[in-house]
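2 protein chains.
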Amino acid sequence: MNTQPPTQPLPTQPAATTDLIDTIEQSLSSRDLAAASAALSPISTRQMVQVLDRLSPHQCAIVYRLLSKQRAVEVFEDLSPELQGELVRGLQDAEVAALFEEMDPDDRVWLLDELPASVAPRLLRGLSPHERELTASVLGYPRDSIGRRMSPEYVTTHPELTAAETLRRLRARIDDAETIYTLPVTDSARRVVGVVSLRDLLAADDDTLVDAMMQDAHTALADADAETAARDCTDRGLLAVPVVDSEGRLVGILTIDDAVRILKREENEDAARQGGVEPLGRPYLSTPIRRIVRSRVVWLLVLAVGATLTVQVLSVFEATLEQLTVLALFVPLLIGTGGNTGNQAATTVTRALALGEIRPRDLLRVLSRELRVGVSLGVLLGLLGFAITALVYDWQIGLVIGCTLVAVCTVAATIGGIMPLVARMIRVDPAVFSNPFITTFVDATGLVIYFVIAKAILGI
Amino acid sequence: MNTQPPTQPLPTQPAATTDLIDTIEQSLSSRDLAAASAALSPISTRQMVQVLDRLSPHQCAIVYRLLSKQRAVEVFEDLSPELQGELVRGLQDAEVAALFEEMDPDDRVWLLDELPASVAPRLLRGLSPHERELTASVLGYPRDSIGRRMSPEYVTTHPELTAAETLRRLRARIDDAETIYTLPVTDSARRVVGVVSLRDLLAADDDTLVDAMMQDAHTALADADAETAARDCTDRGLLAVPVVDSEGRLVGILTIDDAVRILKREENEDAARQGGVEPLGRPYLSTPIRRIVRSRVVWLLVLAVGATLTVQVLSVFEATLEQLTVLALFVPLLIGTGGNTGNQAATTVTRALALGEIRPRDLLRVLSRELRVGVSLGVLLGLLGFAITALVYDWQIGLVIGCTLVAVCTVAATIGGIMPLVARMIRVDPAVFSNPFITTFVDATGLVIYFVIAKAILGI
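For the record, the sequence lines run as chains A and B. Residue numbers for the first sequence follow this note's numbering, so the first one is 1 and each next one is one higher. Residue numbers for the second sequence follow this note's numbering, so the first one is 1 and each next one is one higher.
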């Protein structure tokens, strides 16, 4: 009879971690390292990572040095590459070398990508020859390729082996592999001819040949874009995807948890850029204010400079405005609606691009769809705008507002829809070219449309 | 010697699928079903899913009926719940019942959630008793809970069993389980006392007790929020998480691929709402224009009604505008910059909320951070704005623009930063309350600030 108490569900432990951080911050600010050390000793590795995540970089370095050597290695492995990078810059060479040797080759490359290029060769020289070779094989691939994110540690089997032989082979080399749940099947030239799942191996009779139970391999080219390969892996719900070179030879394996990690990073970048900020790369509450300002100021300046276009457009129509000040009242409403329509289109198309639903060659189809959507939205809003303005002001102003809404919505939806595709074509991140950018552009265009229509209808 | 040719890497096959869709669309529009059928017969299940994804709902239903019975079941299982729902509405009861019996219990619940509530009891009655019971156990949990997304099919082991016994047990029941790579360890009361990985089972000696090799279970409460539990699973890189009731008893299992699916859906919704559109729920190119318009028009109307606030604010200051039309020139620039600053703050905070980095109780910390960020950005932009406007116009106008930028950036960053937290507090999706909403709100506030400052400095 087992009398162990049940493990309690501990989904996030928010309160405990927050209190802990308060205690540690207090100990640090009163320079009481013994108290901080005491507060840290009972907590789990996972919680330790959460604590470091929420401390400032400076506090992080102090706390990290309070950990025992064994503990430090465990915690370090679980940190995000950015935080690892920050810590490494504060540690001594010998300490870094020890940590570096302990890491998996793919995690090592994530870290190297965070560090200044000059540091990499020094760190690599410190590795044992076997680890150095594994790491170098991953480092050989371009920065955004899946080759750079794969694990070079895998166990394979061959078509002519039996299930039992494969299981024995697997058990003998179980510590060397990133995953054992999907095994690539290779021929004598190391080319991938299929995959076999551990589930099928266990379900099969001992003497069933791998040849008889392997399935077609869904592979990824090592030079292929990391995000595309990762999305492909998770879309298909594959636990692991063999990574091959241009000859179809196995060079590594991408596991679903690494695929998730790659996508999460991309999502973060996209979400940030869509709102006109650079990704912070570390948790919000522990990011210095200075760094948050830096992540936003460049975009804000670029957009403000773009917005001076609206000042120029309005200057051109200044005489019209002096004649009829009432026109000024509708400027924010009209350009705001244009901006919203443009953003809606851009959001939908950017997302569809990211999910691979559309490609740049679909430009004309997107154009025709957004044109129709824009006209529909414009007519709906325009009729409403006409009715209300005609009631409150007069029917001529109503007509100007109604017609402007139709035109602005159509132009905005079309521009917003094709802009992400154009960005992709000229190889810029579509999320960069997105909402705030479109707003600014649509603002200026909308003003021109507004005053041209006003002058035509009102005859001024 | 195996002479099979190497499997070619087939990451997405864009060209092939696109051509295929063209062929099928042509066959359908010329009502040549035989040609469509011929085009479909050689393609893989996966490609078939891609084809259906890109056809209109009407075309989808026709093509689906051309498939053989066996084929249809395979394809149906791989479709998204939305597309399944669309198809089901077009099929006969007997056809639906046959499909429904073949599905996994968790997939069945995804589908039921897409169908009108009245359909569910009829479909459930058609199931075999065992399948009905499994499905009902999942359906018993609330809509957004992880209980509703878990699989009720799992294999467990017990602390007093050996590695060899567990492996035998596993092999005997291998077809019943959603995953075999992480086994929950339960006591006699079905409470989860740990987990053991298949890797550890295979690496261990035959007579090692499970008790000796099991690890602490990271579990999820069945009633817990599905997104939080899924994020927790992927953040930790766990292949599977046992789902337990409030007593700690095992009720199901959440696998990483299902966790990824839950998060993908949430990301899509968030990305859509952030841009002021309702999620389409199906691929962009195959969504009818009508439905795209519907996904945008409500938000656009709400925002336009909100924007009438700006018209009212400007009406109040109409006399000032008539006196000094030059003030109107800067309106789009000023409110645009305010909107951008607010969006940046909202994007950062919404993301941090979604990732669990901050919680509503951090409101004051966020407020103080965004206040400081806003002032910093405002001073930078304000100095620049003052310099340029003073040069081009005169120093008094320059002073108005400079001071307004400082005030608007501060207010916008603060509002943008706390709005997502307020949304969360009143239990609204923070992404809804987001960028377009903040833009509209900041527009009106910005105008008031602008004219108040202008009147004070210019003495009008």
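Because the hints were derived from the structure by calculation, they are not lab data. Don't take each hint at face value.
In this list, chains with the same sequence are indistinguishable; a pair is considered to hold if it fits within one copy or across any two.
EDC-like, lysine to aspartate or glutamate: derived pairs with alpha carbons at most 20 angstroms apart [to be verified]:
#1 69 with 160
#2 69 with 25
#3 455 with 394
#4 264 with 235
#5 69 with 211
#6 455 with 278
#7 264 with 114
#8 264 with 82
#9 69 with 318
#10 455 with 200
#11 69 with 200
#12 264 with 19
#13 264 with 22
#14 69 with 86
#15 264 with 113
#16 69 with 101
#17 69 with 102
#18 69 with 245
What you are looking at is a predicted structure, and each value in this text was computed from that prediction instead of being measured.
What are the numbers of the hints that this structure violates, sorted from low to high?
-> 1, 2, 5, 6, 9, 10, 11, 12, 13 and 18
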